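The listed protein sequences correspond, in order, to chains A and B.
The first sequence stops at residue 112 when you use my numbering, and every number in between is there.
The second sequence stops at residue 110 when you use my numbering, and every number in between is there.
To be clear, the hints were calculated from the coordinates, so they are not data collected in a lab.
Please read all numbers here as calculations on a predicted model, not as lab measurements.
Heads up, the beta-carbon is just placed ideally off N, CA and C, and yes, glycines get one too.
Some clues are possibly wrong.
Partner residues aside, some chain B positions facing chain A, computed with beta carbon under 8 Å [as the list claims (entries may be wrong)]:
#1 G3
#2 F12
#3 G16
#4 D38
#5 Q41
#6 L45
#7 F55
#8 P75
#9 G97
#10 F101
#11 G102
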Amino acid sequence: GQQLNQSPQSMFIQEGEDVSMNCTSSSIFNTWLWYKQDPGEGPVLLIALYKAGELTSNGRLTAQFGITRKDSFLNISASIPSDVGIYFCAGRSGGSNYKLTFGKGTLLTVNP
Amino acid sequence: DGGITQSPKYLFRKEGQNVTLSCEQNLNHDAMYWYRQDPGQGLRLIYYSQIVNDFQKGDIAEGYSVSREKKESFPLTVTSAQKNPTAFYLCASSTAGELFFGEGSRLTVL
């Protein structure tokens with residue numbers, strides 16, 4: 001099956017620092033989605049990307065759809081304590097209109 | 001408010017018992033999904049349904065069953081055949097693009 005490698009697995013940063021995480025795929029995707037999950041809750045969609053090279057922002061979050069269509073990046077600027085959580089990437093290939101492949105997540109801890 | 005409602009939030013079950021998790025959505029989405037989440041494993045697809053009265057197995061369907069009799073509802077039954085059922089279960093729905101999740105149900109087998 002399709003594989004998504006998400007890195008880093010975890011990050012410990014100081015409040016105010018910028019954060020970067022990425023996902024790489026063994027195959028081409030035509031959609032990339034980034035989610036954040038708080039403990040004991042369902043993931044919440046942060047950013048959706050639909051075109052290679054696309055760069056989209058949502059407040060302090062910026063995500064990019066890699067030009068090769070096999071990777072995506074999420075950056076968080078000026079981190080704050082409420083950024084703590086698990087961030088997931090997810091991709092959808094052209095062969096399936098509905099099924100998503102998820103990365104294993106990046107656990108972000110922000111020290112005040 | 002539009003959204004996806006999962007119930008119960010927490011559920012305890014004895015070994016050998018079947019249990020059904022509820023998922024209801026009022027987003028008018030055609031597709032619905034069940035995922036299982038274990039620590040360090042990410043999200044794994046159990047079953048999905050693209051339309052009413054039709055559903056397909058995901059990557060880890062063994063020991064689970066679903067039904068899709070109504071567009072709004074996609075219940076998941078965790079059967080006694082599931083050898084390691086303790087997990088966090090997430091229901092989701094989508095249009096052709098983005099996936100939206102419920103708040104999850106945590107099942108613990110005693």
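So, going through the hints one by one against the coordinates:
no.	hint	in the structure
1	G3	violated, 10 Å
2	F12	violated, 16 Å
3	G16	violated, 27 Å
4	D38	violated, 10 Å
5	Q41	holds, 7 Å
6	L45	holds, 7 Å
7	F55	violated, 11 Å
8	P75	violated, 17 Å
9	G97	holds, 7 Å
10	F101	holds, 4 Å
11	G102	holds, 5 Å
In summary, the structure is inconsistent with hints 1, 2, 3, 4, 7, 8 from the numbered list given earlier, while agreeing with the others.
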